[in-house]
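In the order they appear, the protein sequences are chains L and C.
According to this note's numbering, the first sequence is numbered sequentially starting from 1.
According to this note's numbering, the second sequence is numbered sequentially starting from 1001.
No wet-lab data here; the hints were simulated from the structure.
The structure displayed is predicted, hence computed values, not measured ones.
Beta carbons: idealized from backbone N, C-alpha and C, even for Gly.
Treat the hints with care, since some could be wrong.
Covered stretches of chain L (in silico footprint by chain C; criterion: 3 or more residues with CB under 8 angstroms from a CB of chain C, positions within the stretch not fixed) [stated by the list, open to error]:
no., segment
1, 4-15
2, 73-83
3, 114-126
4, 157-165
5, 203-214
6, 239-253
Mimicking DSS-like on lysine-lysine, the simulated pairs with C-alpha atoms at most 25 angstroms apart in a straight line are [what the hints assert, rightly or not]:
no., chain 1, residue 1, chain 2, residue 2
7, L, LYS287, C, LYS1095
8, L, LYS10, C, LYS1095
9, L, LYS6, C, LYS1146
10, L, LYS110, C, LYS1146
11, L, LYS243, L, LYS87
12, C, LYS1121, L, LYS252
13, C, LYS1002, C, LYS1217
14, L, LYS165, C, LYS1095
Which residues of chain L face chain C? A partial, calculated answer using Cβ under 7 angstroms [what the hints assert, rightly or not]:
no., residue
15, ILE23
16, ALA29
17, LYS33
18, PHE35
19, GLY136
20, VAL140
21, LEU273
22, ASN278
23, TYR281
24, ARG285
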Amino acid sequence: MYEFLKDLDKRWIFLLMFLSVTIPIYIIAKTGKSFPEVPSVLSEAVFQAVEDLDEGDPVLLSFDFDPASEGELGPMATAFVRHCAEKKVKMYFMALWPVGPQMIDDAIAKVIHSDFPTLVYGEDYVNLGFKPGNEGVIKVIVTDMRELYTTDDIGDNIDEIPMMKDIESVQDFDLLINISAGYAGTKEWVQYGSTPYPDKIKIVAGCTGVQAPLLYPYIPNQLSGLLGAIKGAAEYEKLVIDKYGGDDPDPKYLEAKRRMGPQLVAHLLIILLIILANYIYFVERRKEVSV
Amino acid sequence: MKRSVPLLITALGGFILIIAYFIPAAQGWGEVAAIWFDILASIAFILGGGNLIKIHLKKISDKSAGWAYSAITLAAFLITLIVGLGKVGINPNPKYPEYALSGHYREIGSPFWWLYEYAFKPLTATMFAMLAFYISSAAFRAFRAKNLEAILLLGTAFIILLGRTFTGVYLTAWLPDWMSGLKLENLTVVIMSVFNTAGNRGIMIGIALGVASTSLKVLLGVDRSYLGSGDD
């Protein structure tokens, strides 16, 4: 057994990882049960930032991610849109990533079209689409939206959209929600948005796990709250569901909580592998010393 | 001339942005420069596409190693480009029915939507998901408690890995309230918001100073490496 572990083929590790993810997915799908979540201070800060908004307040949602990180960020996007829709704020969607508009479409279809059909496009929500230029886009729209956005995503003149009437720049939004998978994303929004205009632009964000440690230095002054990876999404989801979910929430609003199951088993597997590898390492080292 | 003009543009753009940042009266200059940047970023897509075609066509014509992948890349690029730009199979916008290309490029059920939904989306999601396999294999092969630094790294990794799931809550739920700071989920928060933040802030300040120094060199024309090695 020891010899087998010492020369363990990586394909066994791949198989173990595959099983540690698929089995929890299957069990959770079958039973409908997931692990409980305890919201962190940062998730509560994000929730509170949206809660503090009043009906009709303008909120900019920048979806700066792609299908590669949908697993982590998709549930966040769903929860954010649901929360905004429940608060009856005006939602302005935009994207700094080329496939961001598809992410926006998904969230709108999943939440607004199916559960909030009374919301009217152009009056309650609008999709401004993608603009190339990364932080260059942010630098322009923080002072003048119309320099870059002359139409919405479907090509309608921006001046004919009722909810755009009072919007001149990003400074006119009461909150900026950014969902980010990398560059350009939260870091750029902080650097070119909330940092030069600390009293006018308030940002909360959701990001991938690898990005989260890099964004902590901006909390709390430049970034009011942060959801880190699927764990942050699950915590925020719980807060939204506890307040607005009712007795039998739709499973699509519990997606992050469900995805925490496979993550738990995968983390345990990685810990087990590290312990095993170190055991082998020390046994081998002892052998070398004794020889 | 080949190098002087780009040097001049760089210096002009850079100094305009610096002046616009520090002098409120000149803020408009910065906005104009930023708009120019966005226009150039859009044009860069065309340049990037042209470059991609050039590189892969060369690989195919030279029959160099992996040329078949280049053929697949080119085919995928051209098909997506033609289907997207040509708005193939997309119905005209109901507001402008007389214009064939007035429809939306992401129309559900269109060939472009199909390419995104059934090719791009699963492929990119799969690429990202593969990380889990590589991370687990790397953890087994590379993570060794060889010295004090490695032991500290391992300990931190264990706390974060456990604290980011319900295992952390479950394993240390028995701790009394006065020891709640030692609960794994709370330790995770402390590690992230104290040690990680302090370390990252230090690194970021160092990077910022380095970027400022490098940028000045570029703007003043001292560092010309970004122009390539072409002669005047």
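Query raised in the report: Which of the numbered hints are not met once you compare them with the structure shown?
Result: 2, 3, 4, 6, 7, 8, 10, 15, 16, 17, 24
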